[in-house]
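Construct all of the structure, not just a fragment, from the sequences and the given hints.
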Amino acid sequence: MVTVDPASGSDAVQRRRTWVLGGALLAASAFAVLATQGRLFVLSSLIDPLFALGALVLAVGIGRAGSVTARRPLGTGAVIGLVVVIMSQPFVYSVLAPPPQRELPLRNSASPLELVFPVTQSVMLLLAITAVVQIGRTGVVPRPWNWAPLWALVAVILARALPVAPFWSPLLASRENVAPLFSVFDVLSLLNPLAVAFLGIVAIVLGSRTEPGPVPVHPSATP
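By the count of the numbering used here, the sequence shown reaches residue 223 at its end, each step adding exactly one.
If you're looking for bench data, these hints aren't it; they were derived computationally from the structure.
Check the hints yourself; a few may be wrong.
What the hints assert, rightly or not - What follows is a set of in silico ranges between Cβ atoms, one per label pair, in the way DEER data are often shown:
{"#": "1", "residue 1": "Pro73", "residue 2": "Leu190", "range": "30 to 38 Å"}
{"#": "2", "residue 1": "Arg143", "residue 2": "Gly9", "range": "19 to 27 Å"}
{"#": "3", "residue 1": "Pro144", "residue 2": "Gln89", "range": "26 to 34 Å"}
{"#": "4", "residue 1": "Leu150", "residue 2": "Ser44", "range": "22 to 30 Å"}
The beta-carbon is built from N, C-alpha and C at its ideal position, and this holds for glycine as well.
This is how it looks when you write it as structure tokens:
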């Protein structure tokens, strides 16, 4: 690791404001998810906007020094692209959703929604991987917390992949002692909001502790 450009008091203030605000928005989005699981559905419409706004604040920064991607095109563009996809999903899915019908017609081909959904999820995963790797490599966030977004992404992937893994099929087909299995699924469903809450708390803590000093930059991240 090398150090460059000692941070001025202004840079420290920009990082503090960015990380505390962005972290608070991420934590709020996680709380909204948990609240909806507790039947407080009125907050469901706030989940995506809070997460998207928090991600944008952290990526763009309140001032260049606050950006966790150092405003480099690849990492910042990946975050912005992810936000665009997240916010456009409801509209796209509503347009592509088939109209309600009393009788389901026989069909041999997939609907547009069935074709678009996996593509959208794959694009989001690619953008998320690009973003977290760039945040880790840029080194604006102190070690080891620069890799916290990657840890959170792994938790989210596991939370979504494990419940649909094929090795559960025999247990579900047997219909015996499946209650513990559904309990496991309930726990896994908490990983997603908890991972986002973790990122929010880390950002808030790091922002609160930010002081003027050298900004670490890894040699591999330098142009």
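Practice prompt. With respect to the beta-carbon atoms only, verify the hint that Pro144 and Gln89 lie 26 to 34 Å apart.
Written response: holds, 32 Å
Fill in: Range hint compliance [Cβ, Arg143 to Gly9, 19 to 27 Å]
This hint holds: roughly 23 Å between Cβ atoms.
Worksheet item: Pro73 and Leu190, beta-carbon distance inside 30 to 38 Å?
Response: Holds: the Cβ-Cβ distance is about 35 Å, inside 30 to 38 Å.
Discussion item. Given a hint of 22 to 30 Å, does the C-beta separation of Leu150 and Ser44 actually sit inside it?
Written reply: The hinted range 22 to 30 Å holds for Leu150 and Ser44, with Cβ atoms some 27 Å apart.
Of the numbered hints given earlier, the model fails none.
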